[in-house]
Amino acid sequence: MMIPIIKKEFIIDDIKIYLVIFKLYKSFLILISDQKEMGIGNVTLGTPPIIEGLKSVSSSYKLFGLEKKLLSTIISEKASKILKSPVLLLLFLREKEKEMEIAKSLLNYLNEILLDLVKED
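When the letters of the sequence shown are read in order and numbered with the numbering used here, they come out as residues 183 to 303.
If you are wondering where the hints come from, they were derived from the structure by calculation, not from laboratory data. Don't take each hint at face value.
Stated by the list, open to error - In silico PhoX-like links for lysine-lysine, alpha-carbon gap of 20 angstroms or less: (1) K244 to K260; (2) K263 to K286; (3) K189 to K260; (4) K190 to K205; (5) K263 to K251; (6) K208 to K280; (7) K218 to K260; (8) K260 to K205; (9) K280 to K301; (10) K266 to K218; (11) K198 to K286; (12) K208 to K260; (13) K218 to K189; (14) K251 to K280; (15) K266 to K244.
Construct the entire structure; sequences and hints are all you get.
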């Protein structure tokens, strides 16, 4: 049974966001949703920079989904870079019209959580 290493709920602009992170073997699974049920939504794989120490960029691969392509790409690349591991992101946001309004706050909050997670290890 998979047990989450992080399970949080927070509110951004009157939208409740659910975040769950699982540690897998040499990788992470991140679920982000504005629904408690955690749908599949966009599925994106983020890989960390290949050469450590250089300013190479993370890569992302869109596996499934049509919406929120930019947001899922940014989140998966940022998370894989911070965690220095591949990240599989399932992003399920039904509040389509408020996506860009909450994007910056969501990224900042996620960044803070991931940096704290790295410090713990």
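Comparing the hints with the structure gives:
| no. | hint | in the structure |
| --- | --- | --- |
| 1 | K244 to K260 | holds (15 angstroms) |
| 2 | K263 to K286 | holds (18 angstroms) |
| 3 | K189 to K260 | holds (19 angstroms) |
| 4 | K190 to K205 | holds (15 angstroms) |
| 5 | K263 to K251 | holds (18 angstroms) |
| 6 | K208 to K280 | violated (34 angstroms) |
| 7 | K218 to K260 | violated (24 angstroms) |
| 8 | K260 to K205 | holds (17 angstroms) |
| 9 | K280 to K301 | violated (32 angstroms) |
| 10 | K266 to K218 | violated (28 angstroms) |
| 11 | K198 to K286 | holds (15 angstroms) |
| 12 | K208 to K260 | holds (17 angstroms) |
| 13 | K218 to K189 | holds (12 angstroms) |
| 14 | K251 to K280 | holds (15 angstroms) |
| 15 | K266 to K244 | holds (19 angstroms) |
In the structure shown, a violation is registered for the earlier hints numbered 6, 7, 9, 10, in ascending order.
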